[in-house]
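Line by line, the protein sequences are chains A and B. If you're matching positions, the first sequence starts at 1 in this note's numbering and goes up one per residue. If you're matching positions, the second sequence starts at 1001 in this note's numbering and goes up one per residue.
Be aware that one or more of the hints could be misleading.
Now the in silico label distances, taken between C-beta atoms and shown as ranges [said to hold, decoys possible]:
1. ASN154(A) to ASN1117(B): 56 to 66 Å
2. GLY524(A) to MET1330(B): 17 to 27 Å
3. ARG1155(B) to ARG349(A): 33 to 43 Å
Residues on chain B that point at chain A, a partial pick, calculated with CB under 8 Å [what the hints assert, rightly or not]:
4. HIS1043
5. TYR1047
6. SER1164
7. ILE1166
8. TYR1172
9. PHE1221
10. ILE1295
11. VAL1299
12. ILE1329
13. MET1330
14. PRO1331
15. GLU1332
16. MET1349
17. ILE1353
18. GLY1355
It is worth saying that the hints were derived from the structure and are not from the lab. Beta carbons: idealized from backbone N, C-alpha and C, even for Gly.
In case you want the letters, here they are:
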Amino acid sequence: MGDTFSRILAACLLIMLTSLSWAEELLPEETAPPQTTEETPAEEIAAPLSIQDILNQLTERSFDMKEAAIRQLAEQDSPRVIPLLNALMERELVHNRENDTISLGHKADGEWQLLDPVSEQPIGTVNSRAARPVVINNRLRTVINNQLALFALNSDNSDARAEAAEQLIGNDDPDMLSALRLRRESEDNARVIEQIDTALNIAALSSDDLTTRLNAIDTLSRNLHPEVKNSLNDRLRNTEVDAEKVALEKALARIDARIENFQTADTIFFGLSLGSVLLLAAIGLAITFGVMGVINMAHGELIMLGAYTTYVVQQLLPNSNEWSLLIALPAAFLVSAVVGIFIERFVIRFLYGRPLETLLATFGVSLILQQAVRVIFSPLNRTVITPDWMSGALQINPVFSLTYNRLYIIFFALAVFLGLLTLLKKTRLGLQVRAVSQNRTTARALGIRSERVNALTFGLGSGIAGIAGVALAQLTNVGPNLGQSYIIDSFMVVVFGGVGNLWGTLTAAFGLGIANKLLEPMAGAVLAKILVLIFIILFIQRKPRGLFPQRGRAAEE
Amino acid sequence: MRDSTFKSALSDRTAKTFMGVLFGATLLVTLLNQIFPPDSALHVSAYTVTLLGKYLCYALLALALDLVWGYCGILSLGHGAFFALGGYAMGMYLMRQIGDRGVYGNAELPDFMVFLNWSELPWYWHGFDQFWFAALMILLVPGLLAFVFGWLAFRSRVTGVYLSIITQALTYALMLAFFRNELGFGGNNGLTDFKDLLGFSLQSDGTRVALLMATAISLAFAFVLCRWITGSKLGRVVLAVRDAESRARFIGYRTEHYKLWVFTASAILAGIAGALYVPQVGIINPGEFSPLNSIELVVWVAVGGRATLYGAVIGAILVNYGKTVFTGIMPEAWLFALGGLFVAVTVFMPQGIVGLVEKHWPTLKQRFMKSDSNDDRPSAQGEPS
C-alpha cells in the first residue's frame, strides 16, 4: 500500500516538475537577460561572494536566477566548483528550508544527512520534509554540461580535453564555440585539435558566408565522425545554393566510400584474428601430424587443458589478474606437454605406422580427457577474466577500431609460429626431429635416440596446444567442448596448407580465416563455414597434398 | 578357393549360422512380446522390441562400414552422414503421412514450416508423400552422394587419413547445414511426431514387431550381399587394393573404380539402416550427422573385429548394449568406458573380439569357421599406411 502511494506521489511530483520546466522554457526570452544584467554589476560592487553565498542563490524558485548563480559559481577559482556542479546534476545539492541554505545531502533512514558544500564536513541531519534537492530543468542541465565541458577543455589531462572537445561536437552555443576557438590557439595535442576542428567546422556549416561553408564542407569530407555525416545531411536538406549542394553530395559520397573501405579493413582484421586462432590451434597439430605423421584427435582436448590451466591459475592467484597470464603460459605448456608425452608413451608408441588406429585410439583419449574435465570442473562453462591491458580497443578513427585482445592474439600467434620455426630449423632437437621424420632407420643408425625424439616432439606439439588454450581462453568460454570445436578446423588448416609444411599452415590459417569472414556478411556465419568446408573438400580432391606439398621421396609414403 | 555365386554366399556355413542366430533371437522376442500378456514374467515389453530393432539398425550400419573399412581399407569417418540422409528421407515420408494431424492442422505443410511462415512446400519435398518415392530416395540420395564424393576423392587418389579427415569434414558440413532452419528439414529439432507408416500406427506393438522383423530381414539380406561381394572377383580385387593399392594398380586394375563401387554400396546400406532406424526411435535430427556418431560407429566395428562382417554386427550390438546399461547405471562413466574401449581395442585387440576368440580357442574356431579361410583379414602390423 505504502509503496503504491509513494509511487503515485513520485509520479505526480515528476509531472509537476516537468510541466514547470516546460513552462519555464516557454517563457518569453526577453524577460531573462535584464534580470541577469541587473544582478551582475550589483555583485561586482559588493565584496566577493563566498561559494556558500553563491550556492544560497540556488534557493530561488526562478530558473533564470539559478542559471545566473550557476554561471557565477563556474567563474570561481576553486577546486570545489566541479564537484559542486556534478552534485547539482546528481540532485545531491539540497535546499535546507530550516535555515534557507544550500548544502550537500544524502538521504538515509528517512532523513537528510547534510554536508558542508566546501569542506564536506557533516553538519547534522534534518527531517526528510525539511529539505529538498535543488530542482533544475533541461536548459540548466545544458548550461551545467557546457560549463563542465569548458572545465574539462582546459584541464591538464589531454584525454579529458579530447573527450570534452568531442562532447562539444555539434554544439552551437556561441560561448562554447568561442571557448573552443580560444583553446584551439593554445592547444598542442593533435587529438584535441582534431576534435576541436571538427566541432568548429560543423559550426561553420551554419555560417552566413558561403565560402566559409564550402571550406568547412571540404574539410569535413575527410572526417569520419558520425556527427559530421548527420550535420552534412542536415545541411543538404536545408540549403538552397546549388554549389553548396554539389559540394555536400560530393563530401557525403567521399565519407561513405571511406567508411566502406574501413569496414572492409575491419572484416580483414577479424579474418586475421580468426586466422590467428586457427593458426594457434593448428600449429601444434602441424608438428604432431605434419612432422611425425601422427593423427592426434586429442589435440583439441590438449588445447582445452591449456584453457583450464589458465582458469586454475586465475583461481589460485585471485588478486593478480594483470600478470597471471605470464604464469599461465608456461603452466599450460607444461600441463599439456606432460599429458601429451603420457599419451605418446602409453598409446601412440604402440601404433606407429598405423595412422588409422592412432586416430581411433587418440579419439578415445580425447573422450576420456573431456569427461575427466566434466567430472572435475563440472560440465558448465568457466569464465576466464581478461586482464585490463587486454580489454578495450585501439581507436584508429571513429569507424575503425582494433580490439586489443584480438590484436595481441595475432601477434602472439605469429610469435609462437616464428619461435617454433626457429626451434625446428636452428636447434639440435629440431634437426633430430626432422631427421627422424624423414627417415627413422637412418636417423637411428646415426645415433639419434628416436624414441626420445618422438616423445619430445609430441610433447612440444602438445605444449603448443596448451599455449593456444591460454590464448583461446581470452576469446571464448572455457568448457569441456572447447577442444572439439577446433579439432576439425585445425585438421582442415594443416591438410589444406600441406602436411609437413609450417609455412603452408600459416598461409592456410590466415587464408581460411579471412575467406570465412569475407563470406560472413554475404552468407551468414554458418553458411560461410559450410562453404569453406566444401571448398576445402573440393580443393583436396584437386590437390591431395595441400597448397604446398612436400616433395621428394618422403611425400609418396 | 571360394565359389562366388550369390547362392553359395547364401548357403555357406557362416551365413547360415548368422541367419540362424539372428532370426532365432528376433522370433523369440516377437513371440514373447505377442503371446504372453503384459503382466506375465516372460513378456517382453515393446520398449525391448524397439531397443533390439535399434541395435539391429546399428548392426546394419556397422556392416556397411566394415565393408569399406575392413575389406577396402577406406576408413570413412562420415558414414553417419549416409545413415542420417537415409533417415531424413524416411522422416520426410513420415512427416507427409502426418497430414492434418499436426499441431497446426495444416494438411499441406509440416508443422515446422507453418511455424516458419512458409507458404508452400519446397520443391525437394514433393513426392515424399509416396512411399515408393521415399524408398527410392533412401537408396538414391546416400548412394549418389557417396558416388560423387568417392568419384572425386578416389580419382585424385586421396587415401588414408586424408580421406578419413575429409569424410569427417563432409559429415560436419552436413550437420551445420541441417541445423539451419532455411534448409527446410526442421533445423535444430529435426523431424518428429510421426504418426504412421504405410497406414500402420507407429505406436502399436504390431508395427514395432513388424519393423523389428523388417530390420532383421534387411540385416540378413545385407549380410549375404556383403558375403557375396567380398567373395566375388570384385571382392578379391578390393582386398588387393586394401593391402597394396599401388601393386594392384600396376597389374592393371582401375583401383579407383573398385573402391568407388564398394563405397557406394556401403553408403546405400547405411542409408537403409537410417531409414529403418527413424520409424523405430521416432525422431531424426541433425545430431545424427555429428562427427562423434560416425567415429563411434568405427569403434563398434573395431570392437567386434574388422573384415569378418559378423564381427561388426557383434561389436555394434555389444557396444550399444553396454551403452544402454552404462548410461542407465552411471551416466558419467559411459564416456570413460567408451574412450577406454577405443584405446584398449586399438592397442591390445587389433582383431577385435572375433580375433581374440579365434586366438584363444583354436578348437572353437575349427568348429565354427571351417569354411572360412583366414586370408581375408589384415594382420595387425600388415596394413599399409
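> Under the criterion of a CB-CB separation shorter than 8 Å, is ILE1295(B) in contact with chain A as hinted?
Replying inline: 6 Å, holds
>> Can you verify the interface hint for SER1164(B): is its Cβ closer than 8 Å to any Cβ in chain A?
In response: 6 Å, holds
>> Can you tell me whether the CB distance of ARG1155(B) to ARG349(A) sits inside 33 to 43 Å?
In response: 36 Å, holds
> Taking the beta carbons of GLY524(A) and MET1330(B), is their distance inside 17 to 27 Å?
Replying inline: Check failed, 41 Å falls outside 17 to 27 Å.
> Do the numbers back the hint for ILE1166(B), that is, is its least Cβ distance to chain A under 8 Å?
Replying inline: Given a least distance of 5 Å, the restraint on ILE1166(B) holds.
>> The hint names TYR1172(B) as touching chain A; please verify it with the least Cβ-Cβ distance against 8 Å.
In response: 5 Å, holds
>> Quick check on GLY1355(B) please, does its C-beta sit within 8 Å of some C-beta on chain A?
In response: At about 14 Å, which exceeds the 8 Å cut-off, the nearest Cβ of chain A leaves the hint on GLY1355(B) violated.
> Can the hint on GLU1332(B) be confirmed by a CB-to-CB distance to chain A that is less than 8 Å?
Replying inline: 6 Å, holds
> Does VAL1299(B) meet its interface restraint, that is, does its C-beta lie within less than 8 Å of any C-beta in chain A?
Replying inline: 7 Å, holds
> That 56 to 66 Å hint for ASN154(A) and ASN1117(B) (C-beta), does it hold up?
Replying inline: 59 Å, holds
> Quick one, is the ILE1329(B) hint okay against chain A at 8 Å, beta carbons?
Replying inline: 16 Å, violated
>> Does ILE1353(B) hold up as a contact with chain A if the rule is Cβ-Cβ below 8 Å?
In response: With a minimum Cβ separation of about 16 Å from chain A (threshold 8 Å), the hint on ILE1353(B) is violated.
The structure fails to meet hints 2, 4, 5, 9, 12, 13, 14, 16, 17 and 18 from the earlier list, while all remaining hints are met.
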